[in-house]
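J.: Sequence:
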Amino acid sequence: MRATEAFIPTLREIPAEADTISHQLLLRAGMLRKVAAGIYSILPLGHRVLLKIERIVREEMNRAGGIELLMPIIQPAEIWQQSGRWDVYGPEMFRLKDRHERGFCLGPTHEELITDLVGQEIKSYRQLPLLLYQIQNKYRDERRPRFGLLRGREFIMKDLYSFDIDEQGLEISYGKMYTAYSRIFDRCGLSIRVVEADPGAIGGGDTHEFMVMADTGEAEIIFCTACDYAADIEKAPCPVDGQPAAIEKQPLERVRTPGTRTVEEVAKYLGIPAMQVLKIMLYLADGEPVAVLIRGDRSVNEIKVQNYLQAIRLEIANAEDVAAKFGLPPGFAGPVGLQSQVRVLADNEVRHLANGVAGANEPDHHYRNVNYGRDYQVYAFDDFRVAREGDACPKCGQPVQLRRGIEVGQLFKLGTKYSKVLGATILDEGGKEVPMVMGCYGIGVTRTLAAAVEQGHDKDGIIWPYSIAPYEVVVIPVSQRDALQTNLAEALYQQLFASGIDAIYDNRAERTGVKFKDADLIGYPVRVVINDGSVVDRLVEVKWRNTGNVEKIPYADLCTYLRSKLVSNN
RNA sequence: CGGGGUGUAGCGCAGUUUGGUAGCGCGCUUGGUUUGGGACCAAGAGGCCGGGAGUUCAAAUCUCCCCACCCCGACCA
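When we follow the numbering used here, the leftmost residue of the first sequence carries the number 1, and every step to the right adds one.
Do not rely on the hints blindly, as some may be mistaken.
Claimed, not checked - Restricting the straight-line Cα-Cα distance to at most 25 Å, the calculated cross-link-like pairs of lysine to any residue (SDA-like) are: (1) K34 x R140; (2) K235 x P399; (3) K543 x Q455; (4) K543 x T486; (5) K543 x C559; (6) K97 x Q75; (7) K459 x F516; (8) K420 x M71; (9) K235 x D391; (10) K552 x V567; (11) K459 x T512; (12) K420 x Q134; (13) K395 x F516; (14) K420 x V434; (15) K459 x S191; (16) K235 x R143; (17) K34 x I73; (18) K249 x H352.
Please keep in mind that the hints were generated in silico from the structure rather than gathered at the bench.
On a predicted model such as this, the values are computed, not experimentally measured, just so you know.
Start from the sequences and build out the full structure, keeping to the hints where you can.
T.: See the structure below:
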């Protein structure tokens with residue numbers, strides 16, 4: 001490609017709409033433009049990156065035995081109604097009607113379609129296992145799209161769905177994908193951390209997330225400083241603390257605490273640490289009142305609560321609900337004397353909290369010296385809190401750390417959740433009809449592109465890994481008006497191209513400084529500069545974007561040299 | 001969905017308080033001088049001031065309604 005024939009609209013200034021690095025740089029480097037909130041055009045340069053990522057994904061999916069297919073973006077409502085997710089998905093789903101008033105949606109995912117398809121066509125255990133995948137657009141009407149490509153409403157995903165006879169088969173398929181994913185992100189030049197995660201609404205058993213470590217990531221990851229343990233904070237278990245405090249129980253005492261609604265206010269007013277306060281959170285779990293007790297310095301992990309209760313919806317009770325369902329005035333709730341129909345869940349730490357402070361269920365009053373057993377009962381103790389830095393690793397007991405990450409891939413064991421409701425059954429060896437055992441494995445392709453920029457950039461622009469750079473080499477003559485230089489540049493560009501290296505010749509009538517700035521911004525891994533000396537001494541300058549190293553190379557050896565370096569470093 | 005903010009040239013912004021003929025920088029066009037890290041001089045082009053309604057002799061500026069976008073929170077296969 002010659003720059004004069006290309007479409008690479010770079011920007012000098014940072015568009016005001018972007019404040020994440022990847023978003024800013026992709027806009028500035030002329031790879032991305034916004035069409036609407038969370039919806040983007042990917043310009044030719046960005047598209048090349050996307051194609052390279054997709055190619056790696058395809059190669060590894062195929063290597064693992066996957067077969068590619070295409071499914072529609074527009075999906076009929078009926079199949080979603082059949083799986084029950086038409087209602088569960090809520091406003092996240094783009095819905096539309098055709099001229100006959102039939103309901104459709106823009107597919108947020110494809111479990112329903114693929115399960116239906118495979119269920120229709122596959123009847124015998126002899127035809128399994130089957131690994132089918134697609135790379136295509138998916139749609140989610142996010143409440144708040146943000147961070148450019150990291151959280152859009154339209155995005156490209158690779159999804160592979162595995163169909164097996166039984167759990168053992170699923171294990172094998174899952175393992176293949178785990179290996180494939182490791183290879184994919186490795187080949188994309190990304191540094192990845194695999195974490196245990198919560199299965200969430202998609203359901204099923206084990207799940208792993210592939211995270212690109214980056215401060216801008218939305219996911220919080222707990223990982224051990226000593227061993228290889230890592231988990232999404234949504235899931236990260238908190239080990240039970242050892243000993244109950246050997247403190248004598250003091251008599252229960254009712255105190256006036258005017259205007260103290262938050263834990264901080266109560267603790268400050270009474271002059272005690274927040275961890276002495278018994279925090280109570282009131283929820284409606286599928287409409288039923290549930291109270292969760294937790295130490296004042298901790299946060300409730302609502303996912304753990306939801307999973308414990310097997311609830312579809314868990315929401316914080318608002319003031320009306322608190323009055324109607326809990327029979328309480330707002331702000332001063334506590335476990336002592338709660339109505340019996342309210343289920344009380346308590347985090348493990350609460351059991352050891354002696355002589356705590358809790359709301360008295362009447363305005364402006366708290367109890368001191370509240371103790372479990374004597375003063376209140378609970379429905380169940382379990383792990384209901386959010387892990388935090390410094391907690392003990394559940395695997396080895398050493399302190400854990402908290403870092404942020406971008407989820408670029410996730411593996412799920414779906415089991416028979418979808419095959420059962422959609423009737424995707426096979427006859428097993430004994431002639432018995434059984435549901436297929438499924439797994440699903442996603443990679444956010446557009447998100448991976450953005451994550452690569454989050455991970456690879458400096459003050460001057462993007463630093464692409466060689467394997468997914470839009471072009472591997474840019475050729476720049478110092479003078480665009482010196483025919484000796486431009487002839488050499490053109491010749492070298494042709495040679496690079498012919499030898500299979502992705503090269504671009506910046507032949508624009510721009511000053512050298514502009515070309516250098518653009519080259520750094522766009523992030524070509526290699527910059528080849530030709531000056532008036534090059535023609536005489538037959539040397540060109542090779543500058544590496546990632547290290548900044550500059551070398552003089554005989555131009556006769558350029559192709560061979562670059563090819564060996566680019567390949568060996570991938 | 002709750003809270004906050006911003007909409008003025010392709011991009012970044014001033015002008016709005018106190019109503020009076022639309023500005024700056026970058027980019028773009030033409031000519032000239034330059035040419036190893038976003039050059040310089042000169043001359044130009046480019047605006048429904050987000051949209052609608054109102055107040056006024058007069059509205060980018062005041063009032064009301066709507067829309068879009070951004071940020072924080074909640075939410076998120």
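J.: Now, for every hint given, state plainly whether the structure supports it.
T.: Evaluation of the provided hints:
Annotation: proposed proximity of K34 to R140 holds, straight-line Cα distance about 17 Å (limit 25 Å). Simply put, K235 and P399 have alpha-carbon atoms about 17 Å apart, close enough for the 25 Å limit, and the pair holds. Only pairs whose Cα atoms come within 25 Å are accepted, and K543 paired with Q455 is accepted, the gap being roughly 21 Å. About 19 Å separates the Cα atoms of K543 and T486, which keeps this hinted pair within 25 Å; it holds.
At roughly 14 Å between alpha-carbon atoms, K543 and C559 fall within 25 Å of each other, so this suggested pair holds. Under the criterion of a C-alpha separation no larger than 25 Å, the hint pairing K97 with Q75 is consistent with the structure, at around 11 Å. Restraint check for K459 and F516: the C-alpha separation of about 14 Å stays at or below 25 Å, so the hint holds. Our distance criterion of 25 Å between C-alpha atoms is met by K420 and M71, whose separation comes to about 21 Å.
Under the criterion of a C-alpha separation no larger than 25 Å, the hint pairing K235 with D391 is consistent with the structure, at around 14 Å. A distance of roughly 20 Å separates the Cα atoms of K552 and V567; the hinted pair therefore holds under the 25 Å criterion. Distance check on the hinted pair: K459 and T512 sit about 19 Å apart at the alpha-carbon level, within 25 Å; holds. Taking the CA atoms of K420 and Q134, the gap is near 22 Å; set against the 25 Å cutoff, the hint holds.
Between K395 and F516 the CA atoms are separated by roughly 50 Å; this puts the pair beyond 25 Å, and the hint is violated. Proximity of K420 to V434 is assessed by CA-CA distance (about 9 Å); at most 25 Å being required, the pair is judged to hold. For the suggested pair K459 and S191, the alpha carbons sit about 20 Å apart, so the restraint of at most 25 Å is met. Using a Cα cut-off of 25 Å, the hinted pair K235 and R143 holds, with the two alpha carbons roughly 23 Å apart.
Pair hint K34 plus I73 holds up; C-alpha atoms about 21 Å apart against a cutoff of 25 Å. For a cut-off of 25 Å, the pair hint linking K249 to H352 stands: about 12 Å separates their Cα positions.
Consistency note: the structure conflicts with earlier hint 13 alone.
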